[in-house]
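Peer 1: With the numbering used here applied, the sequence shown has no gaps in its numbers, which climb one by one up to 383 at the end.
Be aware that one or more of the hints could be misleading.
The following label-pair restraints were derived from C-beta to C-beta distances [unchecked claim]:
(1) G303 with D349: 40 to 46 Å
(2) T131 with Q240: 20 to 26 Å
(3) Q240 with H289: 34 to 40 Å
(4) D233 with L206: 18 to 24 Å
(5) E312 with L282: 34 to 40 Å
To be clear, the hints were calculated from the coordinates, so they are not data collected in a lab.
Model, not experiment: these values are computed from the prediction.
All C-beta atoms in this analysis are idealised placements derived from N, C-alpha and C, irrespective of residue type, glycine included.
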Amino acid sequence: MAATAGLTEIDTDLPAPSVLAELAACAAAADRSGAPDLAAVAVLREHRLLGLAVPREYGGAGAGPVDLNRCVERVATANGSAAIMLFQHFAVTSRIVEQGSAAQLAEILPELASGRWLAASAWSETGAGANKKNLATKGRRTADGGWVLDGAKSFTTSAGVADVYLVLAQTGEPDTTQADSGYGAAGQTFFLIRADNPGLLPDTSLRLAGMRGSATGFVSLHDCRLTDEDRLGPQGVAASIIARVRESGATLGAVAVGLAQAALDAAFDHARKRGLLGMQAVQHRLVDLTTEVETARGIVERAGRREAADPGLTTLHSKLFASAAADRVCSGVEQLLGSAGYIDAHPVNRYGRDARAVALMGPTNDLCRELVSMSWNH
């Protein structure tokens with residue numbers, strides 16, 4: 006795919022090996038420091054990966070969920086933190102494409118397509134629960150028809166690095182008569198907030214065990230003043246928008262597959278260097294690990310194709326299975342490597358910590374189980 010004036014072709018091998026090498030070179034340093042991987046973000050911007058989900062008429066590639074998942078997977082093989090930042094960017098981009106006003110599309114999408122803007126989602130809060138039903142962040146109307154937001158968001162990926170944030174706030178009383186979507190609550194509204202808004206204050210002091218370069222931190226909103234044009238989608242219906250997100254086919258399972266593949270590659274590399282590939286016990290273990298990766302990749306691919314009777318359920322299954330499989334694969338590779346893998350500098354340790362983080366990302370694996378089982382009672 007060309008990375009020049011416009012993104013007009015989609016290369017299923019995107020990103021190129023040279024780009025993956027750049028991302029891999031960033032990963033170890035960011036993991037050691039725990040600081041935001043600004044070098045990786047610069048690579049994503051430079052090579053126009055941020056524009057993949059933007060429609061072609063706005064300068065992007067117009068990639069669908071299959072290609073987006075493949076891209077995220079390949080990035081994750083090199084740099085898990087970069088992959089989760091990219092995934093969240095794609096997710097916000099897709100919500101803007103679906104729900105944005107004509108003015109928002111014209112203003113924001115070209116910035117995302119060019120790589121000048123990185124997008125982040127700020128939904129989570131301490132005390133809100135994994136299902137985001139009890140938000141403390143409130144949005145109230147002003148006399149001039151605008152909004153003022155106050156509250157605090159936690160575990161926001163790309164905090165302090167993003168150029169625009171998709172923020173979830175409670176703008177009305179929850180309507181208990183509405184059907185429970187399992188995620189979010191009635192009376193919640195989405196807002197797009199520029200990073201230069203003086204009422205938005207990021208804090209990147211959070212130190213994670215995994216995904217340490219992902220700039221995951223806190224975002225505080227203090228007297229954050231917005232116009233009504235900053236609202237994304239209708240007022241009070243964010244929960245219904247969230248419910249449709251999983252039907253898009255984009256899945257965090259792609260991040261997990263990439264991490265599992267990276268660990269598997271490390272296992273094969275170790276076995277070759279140590280002359281172990283001729284041993285039946287090693288062969289069988291590698292077959293089992295490869296089967297885990299291929300099965301996870303298959304369900305992620307199926308989620309992206311959106312061909313199931315209920316695509317949303319397939320997306321949930323893909324996230325749940327792939328993240329659990331990645332954890333198993335990384336653990337299996339660590340056992341295969343033995344003492345060689347019990348060294349802090351070996352990347353398999355980073356893969357394992359990053360894979361465990363995917364299981365905790367929204368929707369968490371337990372919430373995935375809850376959302377899937379809800380469908381049995383309707």
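Peer 1: Can you list which hints this structure breaks, lowest number first?
Peer 2: 1 and 3
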